[in-house]
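A.B. asks: Sequence:
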Amino acid sequence: MPVLRFRIYWEDDDQTYRDIEIRNGQSFLEFHQAILKAFEFDGKHPGSFFESDERWQRSGRELSSEVLVNKKDAPALSMVRTPVSALIAMPDQKFLYQYDPVKKWSFLVELIGVNKEEDPKRTYPFMLRKEGVAPAQYGIKGVNPDKLMEVEEKYDLGADEMAEGFGSEGEDGGGGGGEESFGGGGAEESYDE
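Be aware that the sequence shown starts at 3, since it is given in our numbering, and climbs by one per residue.
It is worth saying that the hints were derived from the structure and are not from the lab. Each residue gets a CB set at the ideal place from its N, CA and C atoms; glycine is no exception. Treat the hints loosely; a few may be bogus.
[As the list claims (entries may be wrong)] No more than 27 Å apart at the CA atoms, straight line, and that leaves these computed lysine-lysine pairs for DSSO-like:
| no. | residue 1 | residue 2 |
| --- | --- | --- |
| 1 | Lys105 | Lys132 |
| 2 | Lys106 | Lys39 |
| 3 | Lys46 | Lys132 |
| 4 | Lys106 | Lys132 |
| 5 | Lys123 | Lys39 |
| 6 | Lys46 | Lys118 |
| 7 | Lys106 | Lys118 |
| 8 | Lys39 | Lys132 |
| 9 | Lys96 | Lys106 |
| 10 | Lys118 | Lys39 |
| 11 | Lys132 | Lys96 |
| 12 | Lys46 | Lys96 |
| 13 | Lys105 | Lys39 |
| 14 | Lys123 | Lys106 |
| 15 | Lys46 | Lys106 |
| 16 | Lys96 | Lys39 |
[To be verified] Simulated restraints on C-beta separations:
| no. | residue 1 | residue 2 | range |
| --- | --- | --- | --- |
| 17 | Gly45 | Glu13 | 15 to 21 Å |
| 18 | Glu68 | Ala88 | 16 to 22 Å |
| 19 | Val116 | Asp44 | 19 to 25 Å |
| 20 | Lys118 | Lys39 | 22 to 28 Å |
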């Protein structure tokens, strides 16, 4: 069975994306769940896919996680009942994916490849590539020390490179007890008007 490869960009930062492969016959609901897992979201809110044109403008019907049955005149199709392949009309098909109507998380979804055969060692949907730090769904996301090490290794940020161009206090040979002055004559400056 053919496998579709999509790149999902976080709309606010196109350097943050995930590549996900999904089987031709799998549903948009499975795709929706894979995107949430890839971006570390909890899945407690509804989501929708929209067909898109080349400029990422909505150009077709909505596919909603809240609609359970496809009806002819319904404003939205069901993610449960609609296979991803049903809406692939172009080799670079684009979709908009929106999650959580209150927070309005937006992602740009683009078909970037098709494999004729699936890999029997993989369980689909399968996250193939992960770039950038996922946005924090609620508030501020702390950086996991393991992920920080991964970033340091990826960009080869060793201690020598980190210290380059920065000296320790007192290294400039200018004496004075380690305190720095940024003002004029030693009196405190006031910024009140």
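A.B. asks: It remains to establish, for every hint, whether it holds in the given structure.
C.D. replies: Hints and how they fare:
no.	hint	verdict
1	Lys105 x Lys132	holds, 23 Å
2	Lys106 x Lys39	holds, 17 Å
3	Lys46 x Lys132	holds, 23 Å
4	Lys106 x Lys132	holds, 22 Å
5	Lys123 x Lys39	holds, 20 Å
6	Lys46 x Lys118	violated, 34 Å
7	Lys106 x Lys118	violated, 35 Å
8	Lys39 x Lys132	holds, 12 Å
9	Lys96 x Lys106	holds, 19 Å
10	Lys118 x Lys39	holds, 25 Å
11	Lys132 x Lys96	holds, 19 Å
12	Lys46 x Lys96	holds, 25 Å
13	Lys105 x Lys39	holds, 17 Å
14	Lys123 x Lys106	violated, 35 Å
15	Lys46 x Lys106	holds, 14 Å
16	Lys96 x Lys39	holds, 20 Å
17	Gly45 x Glu13: 15 to 21 Å	holds, 19 Å
18	Glu68 x Ala88: 16 to 22 Å	holds, 19 Å
19	Val116 x Asp44: 19 to 25 Å	violated, 31 Å
20	Lys118 x Lys39: 22 to 28 Å	holds, 26 Å
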